[in-house]
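Given the coordinates of chain X, work out where chain D should sit on it, guided by the hints.
Here is what each chain is made of, one letter per residue.
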Amino acid sequence: MSIELLTILMFGSFFALLALGVPLGWIMGVVGLIFGFIAIGPKVLSLSTYRVWTVTASFGLMAIPLFMFMASMLQHAGIADELFEAIHLWMGRVKGGVAMATVIACAIMGAMLGSAGSGIIIMGLIALPYMFRHGYDKRLVLGSIMSGGGLGVLIPPSIMFILYGTLAGVSIGKLFMGGVGTGLLLAILYCIYIGIRCYLNPKMGPPLPKEELGIPFRAKLALIRHLVMPAFLILAVMGSIFAGVCTPTEAAGMGAVGAMICCAVRGKLSLTNLKSACFGTMRVIGLMWWLVFGSSIFVGVYTLAGGAEFVREVLFALPLGPWGILIIINFILIILGMVIDLVGLTILAVPIFVPVIIALGFDPLWFGVLFNVNLQIAYLSPPFGTSMFYLKGVTPDDVTMTDIYRSVWPFMGLQVSGLILCMLFPPIITWLPSVMLGG
Amino acid sequence: MKFLSSIRRQMPSLSTIDKISQWIGKSFSWLFPIASIIVVYAVIMRYVFNSPPVWGLELTLWLLIAAYLFSGAYATHLHAHIRLDTLYMRWPPRVKALVDVVVTGPLLFIFCGVLIWQSGIWAWKAIVTGEHSYSLWGAIYWPVKITLPIGAFLVFVQGIAEFIRDLRVLCGKGRGA
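Sequence lines, in order, name chains X and D.
Here the working numbering is used: the first residue of the first sequence is 1, the next is one more, and so on.
Here the working numbering is used: the first residue of the second sequence is 440, the next is one more, and so on.
This is chain X alone, in the form it adopts within the complex (with noise of 0.2 Å):
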């Protein structure tokens, strides 16, 4: 069977199984399985299962089950309620004030959680009701919950970037460096948008009257005190990865215990919260697990058959230079993002095209943030982008699907901008992992 058929039928029958609701892992693996049997021969069945072993046993993905313990950990001490009411009494009076804070809340709440879903919902519960009661506009305080959110992908500890740097070999801990300068321009970007917008039009985001802001300075400063213990944990956590005392692995597995320890200190360490932290880790390690297993039977048939090669040639015969190349990878990867799970797509479009990016001369690291900055466009993309969903699944029934898609194409437009502008400017991902001392 040549390659052009091959990647025709594999992806073809992957699509139409897709758009029928299958689960994403089991159609992957059985469609790597039936092909390489059919390109390859019967040694592909031994070849897939020991694929699966290798990403059973691989030491660098161990980080990922610990980041998401010590996240469900810190959910459970309560820290997202008191992050959220510390924010907005400080950014109240400002127009668009509880907008803005709801981003700054949601990028540093991703630097606890590690992924974006669990930021959308909770700000979900606790940001979008008390903006609606205030007056915000509709639209702009849906898309700065999904927009704020998404930073969870590129803003440390994300899971997306142990995922590619176990995959590509390139180190998790300069991937994590690396995301937090694009976490903040984003951040920054949001926070000037939704600022601009209030100014001109202060009825989209009115700020908070004066009674409800009048408490004060010092229990101001005492709301704050909550939070201490969790942002030590997590600066020390991120430090010991800057300067190279622990692997990340190592300090996923202290921020996991310190986790543990900031519910204690708050009494929130009951056996109740302990199970749900566990059996919610459980669940989501079976979802991702079993579909990294089938991905990768998948992508290890394509390459094995000769795919990377054959996209390679294809993207090398364009008549474009190396940037025109990596724009159109940026483009299939936000196009592929919108229909495929992102840990999915990972291990699917690592194998692929992070030779084809060696090849052309650029960073893997630096294009390692590019691609979870794509990945987190797909994410907020309409109609499939999963942060809709999962914000559909808390908000009030006058909120509709269609609010819901308006709300994101400003912030669309700004995400967009910012990966311009990492591409123009490679030292806003570049220039932290190269200060960091360890690696």
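Hints are computed from structural coordinates only; laboratory data are not their basis.
Computed from a prediction, not measured in an experiment: that's the story for all the values here.
Quick reminder that beta carbons are idealized off the backbone N, C-alpha and C, glycines included.
Incorrect hints may appear among the rest.
As a list, the in silico DSBU-like pairs of lysine-lysine whose alpha-carbon atoms are at most 30 Å apart [unchecked claim]:
#, chain 1, residue 1, chain 2, residue 2
1, X, Lys275, X, Lys392
2, X, Lys392, X, Lys138
3, X, Lys392, D, Lys564
4, X, Lys275, D, Lys612
5, X, Lys268, D, Lys612
6, D, Lys465, X, Lys275
7, D, Lys465, X, Lys392
8, D, Lys458, D, Lys612
9, D, Lys465, X, Lys268
Sample of chain X residues with no beta-carbon within 12 Å of chain D, all distances over it, derived [claimed, not checked]:
#, residue
10, Thr49
11, Glu82
12, Val94
13, Gly135
14, Ala219
15, Gly239
16, Thr249
17, Val314
18, Pro322
19, Phe331
20, Asp341
21, Ile352
22, Pro355
23, Asp398
Only part of the chain X face toward chain D is listed, based on derived beta-carbon distances under 7 Å [to be verified]:
#, residue
24, Gly60
25, Met62
26, Val257
27, Arg283
28, Trp289
Just chain D now, kept in the frame of chain X:
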């Protein structure tokens, strides 16, 4: 119709399968805090006492491997596996059941079947040869290796339970217990 009534008589065993998947998933989820504590212990031993345990990182990995592999049946039981449900969620229950009976079930059986078969052979070899891990620790390897066929088997069994439920819906009998 005889087929259906025999399925109905098996209903208690369907909920037994659920209970097993749940119990295994929940029990093995305690490995996450345990693994974290081992990591911290190893780091403290390295920096404070300058004698890192040779088994530290590897044991953590082995515990986590068991958690990964036994998480599959739990996630299947909870219907947590990610699907593109834009169309799927709009369909009536019987169409959903049709898709799951005709496509999802068979795919799951093929996937897990191949894993059970291939990794079973491989784990059996590890047991027979008494293989040790290639590290300083050098522990017996088979207890880790058998988690893959067992984990895949558990997903397979939970898959059968879901498959029978979907068949019932397809025949207009309701999902049952």
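Here's how the hints hold up against the structure:
The suggested pairing of Lys275(X) with Lys392(X) holds, with an alpha-carbon distance near 27 Å, which does not exceed 30 Å. Between Lys392(X) and Lys138(X), the direct Cα distance comes to roughly 13 Å. Compliance with the 30 Å bound is thereby established for this hinted pair. Restraint check for Lys392(X) and Lys564(D): not satisfied, since their Cα atoms lie roughly 50 Å apart, outside the 30 Å limit. For the suggested pair Lys275(X) and Lys612(D), the alpha carbons sit about 35 Å apart, so the restraint of at most 30 Å is broken.
A hinted pair counts as satisfied when its Cα atoms are at most 30 Å apart, and Lys268(X) with Lys612(D) does not qualify at roughly 45 Å. A hinted pair counts as satisfied when its Cα atoms are at most 30 Å apart, and Lys465(D) with Lys275(X) qualifies at roughly 8 Å. Taking the CA atoms of Lys465(D) and Lys392(X), the gap is about 29 Å. The hint holds against a cut of 30 Å. With a C-alpha separation of about 22 Å, the suggested pairing of Lys458(D) with Lys612(D) holds against the 30 Å cut-off.
Between Lys465(D) and Lys268(X) the CA atoms are separated by roughly 20 Å; this keeps the pair inside 30 Å, and the hint holds. For Thr49(X), the shortest C-beta to C-beta distance to chain D comes to about 4 Å, within the 12 Å cut-off, and the non-interface label is violated. Every CB of chain D lies more than 12 Å from the CB of Glu82(X), the least distance being 24 Å, so the non-interface label holds. Listed as outside the interface, Val94(X) is consistent with that label: its C-beta sits roughly 38 Å from the nearest C-beta of chain D, beyond the 12 Å cut-off.
Distance check for Gly135(X) against chain D: the nearest CB is about 33 Å away, which clears 12 Å, and the non-interface claim stands. Every CB of chain D is more than 12 Å from the CB of Ala219(X) (nearest about 36 Å), matching its label as outside the interface. No beta-carbon of chain D is positioned within 12 Å of the beta-carbon of Gly239(X); the least distance is around 14 Å. The claim that Thr249(X) lies off the interface is violated: its Cβ sits roughly 7 Å from the closest Cβ of chain D, which falls inside the 12 Å cut-off.
At the 12 Å boundary, the C-beta of Val314(X) stays outside the reach of chain D, the nearest C-beta of that chain being 26 Å off. The claim that Pro322(X) is not at the interface with chain D holds, since no C-beta of that chain comes within 12 Å of its own (minimum 33 Å). The non-interface label for Phe331(X) is consistent with chain D: the shortest C-beta to C-beta separation is roughly 20 Å, beyond 12 Å. Separation of Asp341(X) from chain D is inadequate, the least Cβ-Cβ distance of about 5 Å not exceeding the 12 Å criterion.
With a least CB separation of 21 Å from chain D, Ile352(X) remains clear of the 12 Å interface cut-off, as annotated. Annotated as non-interface, Pro355(X) keeps its C-beta farther than 12 Å from every C-beta of chain D; the closest such distance is 27 Å. Listed as outside the interface, Asp398(X) is consistent with that label: its C-beta sits roughly 21 Å from the nearest C-beta of chain D, beyond the 12 Å cut-off. For the restraint placing Gly60(X) at the interface with chain D, the shortest Cβ-Cβ distance is roughly 10 Å, beyond the 7 Å limit, so the hint is violated.
Taking 7 Å as the C-beta cut-off, the interface hint given for Met62(X) holds, the closest approach to chain D being about 6 Å. Checking Val257(X) against chain D: minimum C-beta separation of about 5 Å stays under 7 Å; hint holds. Because the beta carbon of Arg283(X) sits about 5 Å from the nearest beta carbon in chain D, less than 7 Å, this interface hint is met. Here the hint on Trp289(X) is kept, as its CB sits about 4 Å from the closest CB of chain D, short of 7 Å.
Hint check: violations occur at hints 3, 4, 5, 10, 16, 20, 24; the rest are consistent with the structure.
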